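Visitor: Modelling step: build the complete structure from the supplied sequences, incorporating the hints.
Heads up: the sequence lines are chains X and H, in that order. Under my numbering, the residues of the first sequence are numbered 1 to 434, in order. Under my numbering, the residues of the second sequence are numbered 1 to 286, in order.
Hints listed in this document are in silico derivations from the structure and should not be mistaken for laboratory results. Be careful, since some hints might not be right.
[To be verified] The calculated label-pair distances, taken between Cβ atoms and stated as ranges, are: (1) H:I122 - X:E75: 33 to 43 Å; (2) X:T382 - H:S106: 49 to 59 Å; (3) H:T135 - X:D129: 49 to 59 Å; (4) X:S193 - H:L139: 51 to 61 Å; (5) X:D359 - H:L215: 57 to 67 Å; (6) H:A24 - X:D91: 23 to 33 Å; (7) H:T30 - X:G111: 39 to 49 Å; (8) H:I133 - X:E38: 49 to 59 Å; (9) X:G268 - H:I133: 15 to 25 Å.
None of these values were measured; they are calculated from a predicted model. We put the CB at the ideal spot given by N, CA and C, even for glycine.
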Amino acid sequence: MASRTRNAIGCIVAALAASTTIGAASAQNFDWKAHEGETITFLANNNPVATAILKHQDEFKALTGIDLKVDSYQEQQMRQRLLTVLNARSDEVDVFMTLPSREGMQYAAAGWYADLAPFTTGSVAADYDFDGLGKALIDAAKFDGVLTGIPLNIEGPVLYYRTDIFEKCNVEPPQTIAEIEAAAKTIKDCDSSITPFASRGLKPALPYTFSNFLHNMGGAYMKDGKSNLCSAEGKAALETYANLLKDYGPPGAVNYSFYQLTSLYRAGRSAMSFQSSNEFPSVMEGGDRLKDTAIVPLPKGDGGSVPTTIGWALTISAFSENKDAAWYFVQWATSPKMQAKLALEGIAPPRQAVSQDPDYKAWLEEQPLRQQWQKTLDELATTGTSEVGFPIVQNPESREYIGQAVDQILLGEADVDTACAAADEALNALIARE
Amino acid sequence: MQTAKGQLAALGAPAVVFTVAMIAFPVVYTLYLSLVAFSATGATSFVGAGNYVRMVSDENFWNGVVVTFYLYILSLVLQLIFGTALALMLFRAKRLPGFVRSLFISPFMMPPVVAGMMWLVILDPSLGAANYILTSFGLPPSEWLASPQWVVPTLALIDTWQWSPYVALIVLGGLQSLPPSVYEAAEIDGASGWKRFWRITLPLLLPTLVTAMVLRSVDLLRFFDLIYITTQGGPANASLTLNIYGFRTGFEFFQLGYASALMVTLSIIVLGVTLVLNRLRHAVAW
Numbered sequence: 001m002a003s004r005t006r007n008a009i010g011c012i013v014a015a016l017a018a019s020t021t022i023g024a025a026s027a028q029n030f031d032w033k034a035h036e037g038e039t040i041t042f043l044a045n046n047n048p049v050a051t052a053i054l055k056h057q058d059e060f061k062a063l064t065g066i067d068l069k070v071d072s073y074q075e076q077q078m079r080q081r082l083l084t085v086l087n088a089r090s091d092e093v094d095v096f097m098t099l100p101s102r103e104g105m106q107y108a109a110a111g112w113y114a115d116l117a118p119f120t121t122g123s124v125a126a127d128y129d130f131d132g133l134g135k136a137l138i139d140a141a142k143f144d145g146v147l148t149g150i151p152l153n154i155e156g157p158v159l160y161y162r163t164d165i166f167e168k169c170n171v172e173p174p175q176t177i178a179e180i181e182a183a184a185k186t187i188k189d190c191d192s193s194i195t196p197f198a199s200r201g202l203k204p205a206l207p208y209t210f211s212n213f214l215h216n217m218g219g220a221y222m223k224d225g226k227s228n229l230c231s232a233e234g235k236a237a238l239e240t241y242a243n244l245l246k247d248y249g250p251p252g253a254v255n256y257s258f259y260q261l262t263s264l265y266r267a268g269r270s271a272m273s274f275q276s277s278n279e280f281p282s283v284m285e286g287g288d289r290l291k292d293t294a295i296v297p298l299p300k301g302d303g304g305s306v307p308t309t310i311g312w313a314l315t316i317s318a319f320s321e322n323k324d325a326a327w328y329f330v331q332w333a334t335s336p337k338m339q340a341k342l343a344l345e346g347i348a349p350p351r352q353a354v355s356q357d358p359d360y361k362a363w364l365e366e367q368p369l370r371q372q373w374q375k376t377l378d379e380l381a382t383t384g385t386s387e388v389g390f391p392i393v394q395n396p397e398s399r400e401y402i403g404q405a406v407d408q409i410l411l412g413e414a415d416v417d418t419a420c421a422a423a424d425e426a427l428n429a430l431i432a433r434e
Numbered sequence: 001m002q003t004a005k006g007q008l009a010a011l012g013a014p015a016v017v018f019t020v021a022m023i024a025f026p027v028v029y030t031l032y033l034s035l036v037a038f039s040a041t042g043a044t045s046f047v048g049a050g051n052y053v054r055m056v057s058d059e060n061f062w063n064g065v066v067v068t069f070y071l072y073i074l075s076l077v078l079q080l081i082f083g084t085a086l087a088l089m090l091f092r093a094k095r096l097p098g099f100v101r102s103l104f105i106s107p108f109m110m111p112p113v114v115a116g117m118m119w120l121v122i123l124d125p126s127l128g129a130a131n132y133i134l135t136s137f138g139l140p141p142s143e144w145l146a147s148p149q150w151v152v153p154t155l156a157l158i159d160t161w162q163w164s165p166y167v168a169l170i171v172l173g174g175l176q177s178l179p180p181s182v183y184e185a186a187e188i189d190g191a192s193g194w195k196r197f198w199r200i201t202l203p204l205l206l207p208t209l210v211t212a213m214v215l216r217s218v219d220l221l222r223f224f225d226l227i228y229i230t231t232q233g234g235p236a237n238a239s240l241t242l243n244i245y246g247f248r249t250g251f252e253f254f255q256l257g258y259a260s261a262l263m264v265t266l267s268i269i270v271l272g273v274t275l276v277l278n279r280l281r282h283a284v285a286w
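Guide: Here is the structure:
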């Protein structure tokens, strides 16, 4: 028995040694010019992440000799184009950007993603360091064991607040969700020209910020295969989020998404703004808010602190005819070297090692607020969840019903029980349809 | 002779086939899609009239019909009034410099997406210029696009700002073709300016106005860009037209079959309204 165990261990050690040797050999044999002269098409979301990558696209051409054809659209138009192309099983798009927390399960179920796992062990440059990518983000991009994307950034909603207004109104920074409401009330009484609290109210966009409230308050979207939105915690979260916007939010909060939130906060018109960490460079544009802002994760609730942590990923279409060349682009864009460059443009790196990069460290040290931003992102990376909306294939549609429930309470069209019951009915029907 | 005709037909055939295919294929394909259901993973199954039956009990569909017609009628009425007024002004002010005329008609040359972004900024309840102006005059601020009650009138006003000049151009063409002898006779009879407008200009302009109505109706019933940029159907479905609902159902929620059924229904509505207006055009022809 002991001998059989020893043999088995021996076999495993030999296999591991062989795979390491093969891996090392493959890394050594790796040639960036292997696909020189080929052309790949990249469908990009015209957001800061893609913009930062595409600034360096000439370097990709010089390194690999691969021609990169870029189709760039706004987020919703990009998805519209993807739906048309991938539904037709067309090979028109080789690489595209995806948000695993939103469409990951849906696209994976439709078989639209190529499995990237074999690429990460097969054709990789010696300095790629796949294991250096944030494990939580890699896990969030795995569906039924298939690795659907490589993370490009890490992001999540964070609380930007005005230290000068808090000081003027003699308010302590909130430590709990309940204290946000108390702080907002004090600020409203102290300075009526300032919006005390702002967050997303636009129906399809608000689940991104609302999910953090739900999880911090101890709620979960599903329980025993059914909607759990009407649990005590769910109702409390719906009521708290909607009432914060109703009582202390900006006029027209129901149409607020990232654009309005950033404009309002940058103009010095809101005291607290709960919005994406990605907006940090835009919020700080002009420098007016650099000296009077602090950034923290959403304060904890009865369920503790469970921040929302997501990220864009690069992926290869299952129908691409140029998967190998496409992988070279994915690898180049998600390499430690490129992600260190992107970090200098405010794209939060999904690799721990990048935050130790000397250039990036120097960039952070230029402004104390940048360090706070990075510290908050580190916390998001270690404690966050990527659950935004229901963990079902029809996640995008589930967000619609969550948004509708919040907006009905916010607009005073329904109380929490009525809004929640209507959402629950629609959500359970959606789950049943799946 | 017959051979020559045959040769001509043969030469023209590819173009005819191409044109028919380009028109017919999307229509036939959409009709086919409206009869199938797409699962969450993109698999399809034939459901016959199932998607149309689903529409009957779908609250969002009926809300979409109401919002579509509310926005259509309000916008059309406003555009006909302002377009006619602008045309009369341009017709009378014959010495108006060219660039002023161009300025008056310029809004409709602006892409709707740009117009949407511009108005989104102007009408922002906190930072926008519109509320700043209202409050400067001591008037209460409005939530504009964020108010379920005001969102449709606000969209109608934006569309009126953009498309009244287009209506004005059509009406201006009509005004220039009116027979001057009728006006001379009215002037000799001592008819006032207001009377001439009600009794002569407006009745004679009716065929032109109905043409403008037909052209605007097709666009207004398919209202999309401006809503997509500004409200995406909100707040709380208050601006969810059939077109926006169909788009979101298809491209955001993956239900291409149901979305196609919604679009087929919308196309039938557009066709029906156009046919009614065409009949009206014949009735008012002179």
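Visitor: Against this structure, judge whether each hint is valid.
Guide: Evaluation of the provided hints:
1. H:I122 - X:E75: 33 to 43 Å: With a Cβ separation near 24 Å, I122 of chain H and E75 of chain X fall outside 33 to 43 Å, so the hint is violated.
2. X:T382 - H:S106: 49 to 59 Å: 55 Å, holds
3. H:T135 - X:D129: 49 to 59 Å: 57 Å, holds
4. X:S193 - H:L139: 51 to 61 Å: 19 Å, violated
5. X:D359 - H:L215: 57 to 67 Å: Given range 57 to 67 Å: holds, Cβ gap about 59 Å.
6. H:A24 - X:D91: 23 to 33 Å: With a Cβ separation near 27 Å, A24 of chain H and D91 of chain X satisfy 23 to 33 Å, so the hint holds.
7. H:T30 - X:G111: 39 to 49 Å: 25 Å, violated
8. H:I133 - X:E38: 49 to 59 Å: Since I133 of chain H and E38 of chain X have Cβ atoms about 57 Å apart, the given range 49 to 59 Å holds.
9. X:G268 - H:I133: 15 to 25 Å: 21 Å, holds
The structure shown violates the earlier hints numbered 1, 4 and 7.
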